Structure formats: structure tokens, C-alpha cells
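Engineer: Chain by chain, the residues:
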Amino acid sequence: MKKPMPQSPLTVPVYQILLTLADQDLHGYAIIQDIRERTRGEVDLTASTLYAAVARMVKAGMIVEVEGADGADDPRRRYYRIKPAGRELLEAEALRLERSAQMARDKNVIPAMAATRSGGKRS
Amino acid sequence: MRPAALPFVAQLYAALSALLLPAALRRAYGASMVDLFADLYREGWSTRGWRGGVRVVGREMASLLRTAWYERRKVSPSRPTGGSVDTDPAVTRAGRGFPDPDATGPRRRRAVLSGLLDDGREAFRAIVRNPAMSIAVVVILAVGIGANTAIFSVLNTVLLRPLPYPDADRIVQVLEFRDDRPEPRITQRVELFRAVRERAETLDAVSGYVAQLMNMTGVDEPVRVDGWAVTASMFPMLGASPALGRVFSVDEEMAGTEPVVVLSHALWQQHFGGDPEIVGRSVKLDGTIHTIVGVLQADFDFLGQKADLWTPLVLSATRREGGRPLRSLHMFARLRDDTSAASAEAELNAGLDALRENPLIDALYPGRLRLVPLKERLVGGLRTELWMLQGAVALVLLIACSNIANLLLGRGAARRKEIAMRTALGCSRRRLVGQLLIESSMLALLAAAVGVLLALWGARALIELSPDDVPRMESIGLDPDVLLFTVLVALGTGLGFGLAPALRATGFKLQEALSFASSTGTSLGQRRLGNALVVSQIALALTLAIGAGLVANSLTRLLWVDPGYDPDNVATLQIDLPSSRYGSGELHAAFYDRLLARVGELAEVEAAGVANTLPLFGAYMGGGFGIEGDPEPLSDEEVPMASFSLISPGYFEALGIPLLRGNGLGGEAARDRLPAVVVNQALVDVYFSGREAIGRRLRLGGDTELLEIVGVVGNVRRALAGDAEPTVYISHRRMPEFLESKRMLSFIFLVARTAGDPRTALPQIRDVAAAIDPELPVYDLLTMQQRTWASVARERFYATLLGLFSSVALLLVAAGIYGVIAYYVSQRIPEIGVRVALGAAPGDVFRLVVGRGMLLTASGIGFGIVGALAATRLLSGLLFAITPTDPATFVAVVGLFAAVAALALWQPAHRAMRVDPMVALRRE
Chain A
0 MKKPMPQSPL TVPVYQILLT LADQDLHGYA IIQDIRERTR GEVDLTASTL
50 YAAVARMVKA GMIVEVEGAD GADDPRRRYY RIKPAGRELL EAEALRLERS
100 AQMARDKNVI PAMAATRSGG KRS
Chain V
0 MRPAALPFVA QLYAALSALL LPAALRRAYG ASMVDLFADL YREGWSTRGW
50 RGGVRVVGRE MASLLRTAWY ERRKVSPSRP TGGSVDTDPA VTRAGRGFPD
100 PDATGPRRRR AVLSGLLDDG REAFRAIVRN PAMSIAVVVI LAVGIGANTA
150 IFSVLNTVLL RPLPYPDADR IVQVLEFRDD RPEPRITQRV ELFRAVRERA
200 ETLDAVSGYV AQLMNMTGVD EPVRVDGWAV TASMFPMLGA SPALGRVFSV
250 DEEMAGTEPV VVLSHALWQQ HFGGDPEIVG RSVKLDGTIH TIVGVLQADF
300 DFLGQKADLW TPLVLSATRR EGGRPLRSLH MFARLRDDTS AASAEAELNA
350 GLDALRENPL IDALYPGRLR LVPLKERLVG GLRTELWMLQ GAVALVLLIA
400 CSNIANLLLG RGAARRKEIA MRTALGCSRR RLVGQLLIES SMLALLAAAV
450 GVLLALWGAR ALIELSPDDV PRMESIGLDP DVLLFTVLVA LGTGLGFGLA
500 PALRATGFKL QEALSFASST GTSLGQRRLG NALVVSQIAL ALTLAIGAGL
550 VANSLTRLLW VDPGYDPDNV ATLQIDLPSS RYGSGELHAA FYDRLLARVG
600 ELAEVEAAGV ANTLPLFGAY MGGGFGIEGD PEPLSDEEVP MASFSLISPG
650 YFEALGIPLL RGNGLGGEAA RDRLPAVVVN QALVDVYFSG REAIGRRLRL
700 GGDTELLEIV GVVGNVRRAL AGDAEPTVYI SHRRMPEFLE SKRMLSFIFL
750 VARTAGDPRT ALPQIRDVAA AIDPELPVYD LLTMQQRTWA SVARERFYAT
800 LLGLFSSVAL LLVAAGIYGV IAYYVSQRIP EIGVRVALGA APGDVFRLVV
850 GRGMLLTASG IGFGIVGALA ATRLLSGLLF AITPTDPATF VAVVGLFAAV
900 AALALWQPAH RAMRVDPMVA LRRE
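Sequence lines, in order, name chains A and V. According to numbering that gives the first Met the number 0, the first sequence is numbered sequentially starting from 0. According to numbering that gives the first Met the number 0, the second sequence is numbered sequentially starting from 0.
Only chain V is shown next, with the shape it has when bound in the complex (with noise of 0.2 angstroms):
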């Protein structure tokens, strides 16, 4: 993204310049002013990057400004100017009492300033004379501004903040993509990690992680700890130093050494009182001592994601003790100096063609490996939607720009005689429309004020309705670079409403203007412009609408969708069984029947239990089956698919899953029956072909076990935007076997529906399985309605804020067509009154007028048609169960605008239809 905002920025200073230079030095040095301007932007951008460039733009637009209104005053015929060396005052400082744009220090500012003060104080005169106005801009525009900087200091922060790591953008990962694969491989074989690290001449700092969740016991209470194991050159690459103590040595990637952590700075404050004396002492992670060597600094990220400690990634033997071997990890790299992420690349693709004499790495890598710079995989996602969110916000504020332009053209019309005295007088027009100018940026700058209040409590507000994917959302701020974005877009602003009624406004006949000093007098080409601002407001405020429109009526979709579950009065946590305390089959069952024993005396609870996953929990451990009597698959495609769920008898009835046929897992008589399993409705869809599923056999991967179905129960959505999968529910009695043959990992939910609000029986719930193991950690205790409506964070994100703006935009559409329509009836009492005199019935009157509004909105909203079926394909990733180009929804949102506009009507037709014909034609 380096200089690819040049061509906007250069031309937005050449317009600038050429909008406000004397015409004499903008022929003869304008355009050399734009490539220096272009010069000077490129070098800010490439000594301190965006800030650098941010920087420059504002000195230069600032120092345009100054210079502008100096060279203008200097040839503005009211003041002489000499035209010798000797009196002129920007050769020699001869001329005292006139500003010196090129002077320095405390001189040139109160020059500049007492002239600014001038020019201020006729601006400010203009803004008090006429406070309702004043106001009224004021709090529109606020409103805008604000939004748009509330946004963008999310935008700058997410997107546009080089990341905090050095040479951030020299940091890429590596990825695998299939041609056949829209989504790469992620994590890559540590075969091939090892291979790349040590051939790999373009790459320096070979690293990768694993997350590995753990429990950590021996403090206060036992934890659960988001743990990563790192290679040792991790953090040096990502810049991270530790607070205390040091990093990891290369030498502790090696198997058999001390176990050791680092922790991080919270939890190091969280649990250890942020004990200055920490290193040295040790700390038990899933059972296993591990000594702390260092704490790492309080500012460092993880890549983005939540990191308590981490531990050095042993890439020889096993993961931890008792873990499984470790196959493939996340793969990072920084390109050297000297190298693009292009020629990196090729290398290391010829590289990987030599590899694939490993028939591992053959049959592993048949795609190509990509280096994808770290930015894009962390917010390269979001891009799109961030954008989307700062394009509505931009809308809002043009529907105000739009709103207050037409304000300003009925005050313009208020004002002719006092432009026209002036322009006697030898005001030049473009002096004119520069102190108009003036006024509008002295409101807009005002407004900006207002706004970055606003925008404060606006970006708290976004930080608590982000959803957890937003990465940095925490460090959102205003900072500098953000309050510049803000003042140039007031700029802008006062620009964007000021230009066209400045220029409407001194933009007539003198002499007509002048003698023809009747009160009705607006042009027709005034309110030609009105019209024309009132349809675009209409256009863009739609498009905006029918936007939020979609994302409203997908979300609603959403939450109406049967999940196949009952989600109320549920209430569910989680809980760890380290594999060092809880190894054997048989202390896993003994736990989970005391637990239930326990949680079903609770008078809250009415039914209780356990899985190894949850509905909208986001992980599932599933695999192929094979259905006795079915013939052998012939390719690995043909194999029969399905999530595997092991679960306690009570989970059908705590969720509210109907058996829909045969018996459940519970009973005395399953004891007897023990390979026995319920399966769902889709899995007999699709692997039964609706043939009867009870009574046959199932065997599961690839087990010799044949295990019989004995029910049939309700498909469970995963989340609710996605569909049910074909499962099989299995015994909890199994656990302990499927920990062992790592088809599950140690954690299990305990779901339990509850009499009353199951938010007062979850404490209970966690009391007794503290009382069965104060050392397990119980977290996440939610009820099921909380992890629905977490699940749909996302969309209601952006539900909220597009219904928020479009909701603002809407708000103005309707000021703004009363405004043009209650003006356009004040304009026309004569008119009217010579009708009604002529015999028009006020039903006649009152059609002219809704007529007219009416032919405007249909206008405004055809534009907006075409402009939303052009911009809500952007939204089609947050979409459910619904086009973009929904008919529905763009029906309803036309019908609420042409409502919207019916009722601005209203007054101002009211007020046409009781004109008296007497008083109308004695105004004449």
C-alpha cells in the first residue's frame, strides 16, 4: 500500500492550488509545485512510512493555505502592493504590517494569525448572526465526523498500523495452495519445516508455533492457559524482549531438557502479583514442572491471538510428556534484505522439488508453497468489511455535506444583498467565495470538535461490540494520525457543503440582483441545484439502507433458524481432565458419574450431561465409518463420513434433542448393550437412502468393533449458519478409549437444563465439581442463549453500525426533503394564491405539492436501486440465506423511504392547501 495513494493525494494538492493560488504563480509554478509536493510525500512515505506521508500532506496543505491567502492579500487590489525590490515585502521586510508567509517563528505566526483572526472574525460574525442554522450544521456534521473517525481510528489501527513487530512487512508464512483447494494448508509437516530452515538461503529466522492448551496448577486457583510452543527463533524474529529473565535458547528446542516457560506479562500480574522474584521458580502445566525463565514485556502481541505462556517447541521427539508426537506445526519466516517474497518464493519451490525425493514430502506437497506476508494473513480478511464500514460512513457524512448545501443555498438566497453590496464595492467573487469558504470550514472544524468527542465514546462503543476476530481491537485509539484524518476531513467537508451554494451565492448579475431586490427572488437554477442535492441524498441513503437492510433481515434469519435444539434455560461449562491426573479410563468414568450424581441432586437441574463437544462450539472430531452389509468403498472419496459425539445419556434430553426413533444410550439395559449408538437424521438421509438405520451395524475408522444403532434422534445444526452433519453419537463410557486414540481431546462439556434462569445454577454447578477436584479447571461458563448470540457476533457487528448510519441517513433524507419542499411551498404562496383564486380545490393544491415531493423521492430512489444492486455484493460474505439483490428487502426498505418522505411532506402540503388567496396576492 506504500505510494499507492500518491496520484489521490498529488491530485488533491493540484486542485487545491489551483483552486486557490493566484492565477499568475499557478501558471508559472503550479505544476511544479505538485511533483515537488510529490517528492516531498514520496520521501515522508519512505522514511516513516504512512505517519511520514500523513505528515507531509498536512504541512504541505497547511502551508498551501497560508501561502494562498498571503499571495492573494498581496495582489488583491484593496492593498497596493509595490512592484520594485525595494517595497516588496516578501523581498525585504520594508513592508511592515503585512504578513510574511516566509518568515519563521513567533514573527510569521502572529502575522499569519492576526491576518487569519481578520477573516475569522468575519466568518464568526456571519456563523452567530444566524445560531438555529449554525446549530443545526453543527450537529449534523458532528454527527458524521464523528463516525468517520470513530471508524477509521478502527481502520488505522487494524489495517494501516504497520504491525508492532520489526521489519513487519518482511515477516511472511508460509502456506501450501492447491490448485484443486480454495482455502491452503496451514500448519506445515515439520519434516518439511526442517528441510526449509536449513536449506533456505532467502529466508532468515525459520520459526513456527503450535498452540497447545494447558492447565496450570501450583498458584491460587487451577487455570486454564492458552500455552504456545515456539522455536526459539520466534521471538526474536516478532522483536519480543523479555521484562524479566530471558527468551528461549536454541539449545532447549532439543528433547530432554529442562522443561521451562516464559510467561506472559497479564498472567504474570494476574497470578503471580507480578512477583518481581519469578524467575527461577516453576509452575505445573498439565502435571509436568516447568521453571519459569523469563516474563516477556507487556506491549508484546502474539500474532494477534490470546497468549498466556509459552514453552519452547520441541521439534525431535514428542510435544509434551504424554502428547502425541509432533507432526506439523504453523510455519513463519522474514525474507532477507536482499530478497523479494517473489524470488523467496521460487526458491523455495525448487527447493521443495528436490525435497519430494522424501516420499513423505511427495505424497504431502503436491501444491505449491506460498509466502504470504504476515499483514494479510492476520487482517487481509477483514479488509473488505472495514472497508465497506468506513464507505457507509463516508455515505453518511455525504448525505450530511448534501443536507447542509441545501441549508445553506436558502441562506445564500437570504444574503444576496449583502454579496451584492460587497461586489459593488470591489470584492472580487473569488475573495468572495474564499470568506464563504471560510465560514463553512470555521463550521465544519467546529463540528470536527464536536465529533472526536463523539468519535471517543464511538470507538469504546465498537470495542465492546467487536467480535473476538477483530485483531488489536484493544489498542484502538485517537492518536495523532487519526485527529489529522479528522481535521482533513472537516476540511473537506467545508469544501464539499461550502463550494457549490459559495459559488451559487455570488454567482449572478450584479446589476440584476441589485435593482430586482424582491424577497422571492431564487433562480431556477438554484432550485434545479437543490433538487438535485435532495435526489443524491435519497440515492445514497438508500443504497446505505438497503445495505443495512440485508444484514439486518440475514441476521434475523439467523437467529430464527431451528438450531434442532432447545437453546433456553441451558446452562453449560467446561471442564479440563489432564491426561497426568486423570490417565486411566477408569478415573475418567468414576469422575464423570459422580459429577452427574452430584449435578442432578441440584434442585435447579432437571436433566444433566456430558460431550466432548457442543453445538456451536466450533471444534468436532468426526471420521470415516464403514455400515456392515454395504459393500467396500472403492476410493477413499466413497468412504462414509461423519462427526463423532460422545455423550452421556442425559445430554439428548438437557439440549432438548427429540428422539425421533428407537432408544436412547440410557437405561440399564445400554449397560448390557454397550456398542451401541444413536445416529441423526441426516446421517440416515444420506447414508441410508431412507432405509430403516436401527438394528444395523456401524464400525467406526478403523475399528473392528461393530456397533449397533439403536436410535434415531433430531438434526443439530454446528452453527447456525451452517447445516446439520451426518453424527454419530456414541457412549461416554468410551472416553477414555477415544483420549487414548487421540480422537478427542481432554476437555468435556457438562450441559444441564435448568428449572429457572440457568444463569444461577451454573456457580452451583461449578461448586460441585470443585468439590469432586478443586485442582480442575471449570471455565466458560455460559448458558446456551450466551454462546448463540456470541455466535453471531460478526453480523451483529455490522447489523448494529449499518443500522445505525442508515437510520442517521435517514433521519437527514427526511429533514432534507422538507427542507426543499417547505421552502419550495414558501417560494410559491403568489402562485398558489393565484390558483385558488383561479378556483383550484385544495385537493388540487395539496397533489402539486405531494406531486412534486413525491417525483423527487421516486428519483432519489431509483438512483439508489441502481447504486445498491451495484454496492451490496460487497456484503455477500456476510450474508445468510439470502442475495444480495434480496426483493423483499429492497421492497421494504423503498416502502419505508417513500413513508419517510410522505410524512416529510405532510406539514408543508398542509401549509400550501390553506394559503388564502387574499394574503398570498397581497404579498405580491
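Excised from the complex, chain A in its bound form (with noise of 0.2 angstroms):
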């Protein structure tokens, strides 16, 4: 598997996807309700986009299916973990994006309260 590039953006699904694995193996419904409760509905992934990007993903090596955790609540539901190199595009694109955000501070573009303000909309 080659190392994917750091410069390329992931797109949102993705990346979003990665978001959530970052800690924790999670079944597919999970998953969606991870990323609409931290996005606050902003990213709400549908069953077939979801699973289009869990199968790229998976192919492309960033994401492993695993057994489930001790305690899953059905059998029949599908984990996913973050695999190294998916770990690594996702530091690459969190990294990018600071950059991205400081080079809109700096130009003024929105208030350098960098601390506080994680880029995401708060309403």
C-alpha cells in the first residue's frame, strides 16, 4: 500500500469517518450518530454513502474490520478501526487545516481566537 499524500484534502465523509475512529471501533449506525452529534447535523452521512466510503476506505488500507467489542450489542453489526496509515492521513489532513485556518487568521479573514474557536460553527 503507498503512502497516501499528505497535501491532498480527504473529503468529508472520510474524514469525518476517520474522526470517529480515532478512539473507538464503532459499527456503521454509530458512526453516523458520532458524526451528527459532534458536526451537530451539520455532516449527516446516509447507509449507502456511509458504506461507499467504508469501502474505499477499507481498500485503500486506512480502516480495518474487526470483531467486535465485548458486549456488542448485535452480532450482526460490522466494526471498523483506524489502521496506522489511516491515523496518518487523518493527522495530515487535521494538520493541513490548521494551516489553512492560521493563514485566514493571519489575513484577518476570521478572529485569531484560536484557542477557543476550532473552526466548526457553533449556532
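Hints were generated in silico from the structure; no laboratory data involved. Every value quoted in this text rests on a predicted model; they were computed, and no experiment measured them. In this text, a Cβ means the ideal position worked out from N, Cα and C, and glycines have one as well. It is possible that part of the hints are untrue.
As the list claims (entries may be wrong) - Facing chain V, according to a computed beta carbon distance under 8 angstroms, are these residues of chain A, among others:
no.	residue
1	GLY27
2	TYR28
3	THR45
4	THR48
5	LEU49
6	TYR50
7	ALA51
8	VAL53
9	ALA54
10	ARG77
11	SER99
12	ALA100
To be verified - Listed below are the simulated SDA-like cross-link pairs for lysine to any residue, each with C-alpha atoms no more than 20 angstroms apart in a straight line:
no.	chain 1	residue 1	chain 2	residue 2
13	A	LYS58	V	ALA30
14	V	LYS374	V	GLU600
15	A	LYS82	A	GLN23
16	V	LYS374	V	ARG25
17	A	LYS58	V	ALA210
18	V	LYS416	V	LEU502
19	A	LYS106	A	LEU96
20	A	LYS58	V	ALA27
21	V	LYS305	V	ALA210
Given two chains presented individually in distinct reference frames, assemble the corresponding complex, making use of the accompanying hints.
Structural biologist: Take a look at the structure:
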């Protein structure tokens, strides 16, 4: 598997799925719920977009399907875990976004309150 | 009805994803996608109810189409895709130019749009290339989709939308069911109500109401109002908030408090001009002054009933001044959040057992109390009928789809070369089918747009036509739910009529199609499919038409029934005599005498009478009676029962009820023999078994007075669909005493036979009444014919709709038969030429073509009869004097179909007969 190029922006679903899986293994429904919650509904994936993205991410070696954790609520559900390549890509993307935001701040496009405002809409 | 729809919707999603997604993605993730869809659908339902579910379905389906479309383009051989992450446009945006379904915002929309436009343009060109065909398809489908949308808008409003109350699914009505009676007891005793309210722990907000028609005076003109006495807990339970002032407090349920009233928004607007200072003013209701304490919001719906005002329900004492004590009431409650209806019911019945120590309750409640959901009570009875209508329009759409599929089959043959060419150039079959489906979906969406306009008009017509017993009819409209339904129906329709022709058009051996490029190339398979489609159309349409025929037949029988009176040239109206001002018998009698005398002076009026009831009116009063000289009945069941009608002498003449024997109640002689009655023939048949009744004497109810039978009149039906009940006609001079003993309500009818049009006499009669007493509300000015017509509103509604639907279906079927046979003839011209050249007579050719058409028709009719036998049982509730398998109707409808089929075959058969063998053979 070739190492991805860090400059390339990720699509919103791929970025959000990686972000969700960064600290936990989850199944499809839980991923959608987590993303919806974190983005306050701004990003709300459908079943087909989720699995189309998952298919590509598995193929690209970013994530891998794993056995559900103990006490997983439903054996039918398929759990996913982030792989080192995926984490690397996520980090690169987060840093890229951070740099982009910084540039915008330097030009006074957005207020320079970097510590509290992390780029997402608050409303 | 919560996730009852789940399996179906999930199956639909599964079917669509199986059809649309590329194999690799489908195999690896198809099942998970469907599971996930089901989870999201459930979530939608549980958070936002029916709307939430629909929203998820719409969103997911649309997204599935987008994903499938994108994924397919990505793997299609004409567009290279990189396997590595760098160039995979889905993972990075390196590969510009590709629409990216994962992207969000305007960027994605642009990309998807441009891609869709590509395919859309292609489809559009194909549609425009053949305008006649496309217009035909759009028109046919628009009718089908429009009808479905219109009916669905009714179904959605009446059945599916939640009732407009907070936690409406927890509101129940308390009913008593007994094993020996099919219908429950609807009103419950006050004693039970009190006990339940005090003791039931699983029920909140136990509340009740009673209806009280009232006369409102002290406003511009006296009005008859639909008043309701309600407990203070009723308004909070229904979430009613006042627009002005307040609703009732619990103290106002006590007897002896100052009378107060809450007005409906409509009444406030209509009779008080929307006066913002209304609160604190007073109004006279049945002669008693009530203080107005509030006005409710305009959108408040009082359990689907017409309501003008509300007063507090006083449980402890009399219902209203001068009224009788309250005995029973309609009882509602809200289930507590943590209980189910079943457990609340169990608790209630256990409590009831304890209550049976009260002898009153013990005697009155031998059955079980049941908590019936409010929605079930309000619209449960309409469920079968509305779904039947929806089924009927769905049939029409199905017929339309099948019809169009047949049209497209013909066109598929014409486009065969184009398709073969594209296949040769490397277009996959899946792709081709996809594009043909986009074409048919575009046609369907176009038709849906036209159909929505038709539905807007149709829904308005439905409201006009609908009988009064369909609640919430006035709030019907095209809301987002209905539009979404229409779009889904249209897409389903596009798939429905497009799929078979598309598969058929693309499923052939390539080489064969290219080399064998003759114009007559229709395969056997295609003809078979076409035939099957026509047969199915005939079968579906016949099922529908038989249903419509049964309802129409039943309606005709109903209208042709001899009601026992002559409804032509009869004017009727209703007048209220409030007990506060007409308390004594003398006042009543004086009023009737003056009214009848003055009305009789009108030039238009030939005869006039007053009565306490009227045929078709719906409410009757009656009771037990005894016959002098007959043995005392042994048990309650054997007591003779009859309706009691109080009438003035002119009543029989005014309604044209024939006097069969003896005398009427009129004439000078009657004054001396006041205790005289007239009975109808049904009473003689039932209780005198044909023996002479005149001269015998009756005792009504618990009276001691004996009344002599002086005459026998003909039977009158209470309702057109009902039978004549044994009836005792009593002189109207006894009305005051009947009023006092509560055997009669405080309104009367005036009936007048007129020389000319009764509609011109009605206002004159009203003016006469107003001249005698301007404070009396006079209402329901109707001719007897109008009452008859109104009494069959429900039957007319269904007969009109089913008739309309089946006419459309029959038209489509005729077109279908014509199309298939005309096509058959055009394909067979060389063969017919050969036959004629070999000596076949025109008659033989005619028989060949007509025989073929009739064979199709006969098979369709065969299946249709089977379908009708199975389906018409749904109608049994609507039918009068006719069974759901009425042979006459079946034969008539089948005959009609055969005739229509023969008509449709006429032109193609003639064309076949005129085939010139030389021309035909040269074409080969």
C-alpha cells in the first residue's frame, strides 16, 4: 500500500469517519450518530454514502473491519478500526486544516481566537 | 402503525440497491447497508413519527441513486479509474472532473448535476424525438398519479397524520363491551365516571363531555348552536389554549356557580365580529345568562365534531337550569406515561369489580370496560373504505403502467437498431437499462408534475363531495408528505412501466439484431409479454369496474326504494322552542296553532303539519307500549316496542303518507276524542298479526291513559336503507306533556306540501315563523328531496369515485386492446396477404383478428372475475339490498367489457380485411 500524499484534501465523509474512529471501534450506525452529534447535524451521512466511503477506505488500507467489542449489542453489526495509515492521513489532514485556518487568521479573515474556536460552526 | 411499514420499505431499499449498485460494492456491503437503512428508518420514526420515517426514506433513496450512479460511472470501462489511493477520486480530490458523491455543499451538487444533466439530456432527446408517444404517456400517467395523490392526501390527513393533540396516542375513550352485543356502550354513568376519576391510578386527566344543542340569543339574530358541556380537565387533555381569556377551572364544575361559557374562534368571528373585548360580556343560552370567559384558538378541533361553544360540565346536579339531571357522559382519559393501555384496562376492570358493590354500577355494567385509542374511535370505521379507495386508484395506476409498458414494448422494437449499435460500441446492458429507466422516470416525473395539478383540483372536488362523517376533511391539502408520496409513486411508476420494456429491448443476441435488420422483427417473447400485459389490464379493470358497478347498483336501488311518502314538492324546516320561554303546554299549543294557520294561508302551501321527527332525520323516540286486552308480557323482551311520532293533522297530507283505513287525527271530531292515535301498517302486522286494529286501545310506556286506534297509515322508512318500524302517531297537542316527561326534545319540524318549487316557499315560511316570534331559531331549511339526497351522501361519494376510476380504467383498457391488436395486424400483414392469396375469404381474416382479440379479452375477463370475487367483499359495508357477488352486476359489467373490446377490435379487423395480397407480399 502506497503512502498517501498528505497535501491531498480528504472528502468530508472520509475525514469525519476517520475522526470518529480515531479513539474507538464502532459500527456503521454508531459512526453516523457520532458524526451527526459532533457536527451538530451539519454532516449527516446516509447508509449508502457511509458504506461507499467505508468500502474505499478499507480498500485503501485506512481502516479495517474488526470483531465487535465484548458486549457488542448486535452480532450482525460490523465494527471498524482505524489503521496506522488512516491515522497518519487523518493527522496530515487535521494539520493541513489547521494551517489553512491559521492562514485565514493571519489575513484577518476569521478572528484570532484559535484556542476556543476550532473552525466548526457554533450555531 | 409504527414500524409496521418497516419490512416493506427495507425490502424496497434492498431491491433498489441490488438493482442499482455495482456488484462488488453490493456483495461486500449491500446487506449492511440495508441493516443500517433499517436502523436509520426506525430512528426517524421514533424521533419524528411518520414524517421522520418518510424523510429518512426519501433521503436514503435519493442518496442511494446518487451513490449508485457515481459508483457505476467510476467502474464503467469507458472511464478509467486508478486503483491506487493517489488517483482514487473518492479518497482524495486529485481526480478533478469526477462528480464526487461524498463531497458536500455546492461543489457536490454541481458535479452531480452536471452528470445527471448528461444522462438527462440523452433521455430528453429520446423523449422529444417521439412527441406523440411522450405526450400520451404523460397524460395517461398524470391521471393515474394525480388520482393517487388526491386520494392519498385524504388518507394522509384522515388516517395517517397524528391527531392534533399532545400525546394523542395516549388519549383513550372508555367504552363498555358486552359479550352479547356487537356495539359497545358509548356513554358511561356519572357514578362510574366519578369512581374512575377518583381511583384509577394509571389514568391522568379523566374527562368527559355531553352534547347540548342550545339556542343562543342576545346577539344579532337567534342561533342554534352546538354546545358541549365539558369537564375542566378536557381542554388541558386536548391541549386547547385560549386565544382570549381563559378556559374552565375545576371550581366551575360545582353546582351553583355563575354560568360561564367558552366560545369557539369561528363563533366569535361570526356572531361577535371578532370583538377583542368579548371576555366578560354575556350571552343568553336557552334563556340563561352566561358570562363569556374565553375564546379558543382557531385551529382547535373538538374531537372531529362541530362545536360552537363549551360550558362547564356540572357533575353534581342538574345539567342546566330546567334540564334533567345528568346521568351519563362520554368519557375520555389519558394513559399515564409509564402504563400501557392493556395494564390500565386491567386495573380499571379490577377496580370495576370492587365498584360493583354499588348496586347501580353492578346492574349497569355486566361487561368489560375497554380503553379504545382516540384515533381508533374517530377514524377507525373509515379505515377499510379509505384503503379500498386507495387500492382502487392504485389499480388504475397499475393499469396505466401496464398500458404504457405495452406502448414502450412497441417502441423498443423500433429502437432496436439504435440499442444494438450502442451495445456493439461497448455500452453494457446494465448501463443501457439504466438509461432507459432514466428516460421512463423522467416521463413519470413530468407526469407527476401534471398529476399534482390534477390532484389539487381533485382534492377540492373530494372535499365538496365527501359525506359529513369523514373527519378533518377540511384540512386536507398537498403537504410535503403528500408531495413526497407523489414523487416516490412517480419513480416507482417509472420503474414499473419502464423495466420490462427496457430489459426486453436490451435482451437479445447482438449479432442477430444487427444482421437481421428487418422491420418486422418482433420476437415471440415480446408478443407474449404484450399479451400478458393486456390480459392483466383487463383483469384489473374488470375487478375495479365490478366494484364500481356494485356500489352504483346499490345506490340506484337505494334511490328507487319507495320511502312510503312522496318527497316531491315538500319543504321542511326545524324550529326550536326553548323551555325557558315556552315552558307551558298552552304556550306550545298556541304557537303551533298560529304557525300552522299562518303557513296555511300562504298561496304556495297546499298542506302543512308539525311533527317532532321526520323520516331520514336520524333521531327517533319511542318506547314500550301495552295493548288493552292482551296478556301482560312475561319479560322485558316481550314488551311491544314502537316509535312515537307526535304530529299535527296536516302531517300525513304534507308528506303524502296514505291513510289505509279509518280516520286521521284531524277534523272537528278529533277534538272531542283527544285520546286517539293512528298506527302504521308495520305495527298492525307485528303486534296484531293482521287482526283488526281500529278500535283497539293502547297504553304508552308507563301511562295509565288508554288511547284508541282510529286509523292505519302506510309504512314510512326511517332511512332509505332501513325498514319501517312499528310507529304510533300521536296528536301534537300532547307535545307539552311529552316534553315535560322528557320523551321529546325541544325542537319541532314543520313540513309543507307546496304547489310549485318548495325552495321558493321555504323563505316565506321562515318569515312567517319569524313574524310570530323573532327570537326563535329557524334552521335546516331543506326540501325533502335535498334531505333524501343528503342521506345517501356516503353512497354517492363512493359510487362517484369508483365510477370515475373504473371509467378511466376501461378507457385505458380499450386503448390497450386496440394497441395490441393493431400492432398484431400491422406485423401480420404479409402473413394475411399470403392467406388471402391462397383463397382466404375476408370473413376468415376478420375471424382471425377478432378471435385473437376476444381470446385475450376472455382470458382477462376470467382472471378479472376471480379477482372481483375476492375483492368485492371489502365493499359489503357499502352495499344495500345487493350481495358482493350479485350475478346481475357481474354479467352487466362483463358484457360492457366485451362490447368495449369488440369496439376496440373493429378498426384493426377492418384494416386486416382490406389487405391487398399484392401489396402485402411486395412488402416482404
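Engineer: Would you pick out the hints that fail for this structure and give their numbers low to high?
Structural biologist: When the structure is compared with the hints, numbers 11, 12, 14, 16, 17 turn out to be violated.
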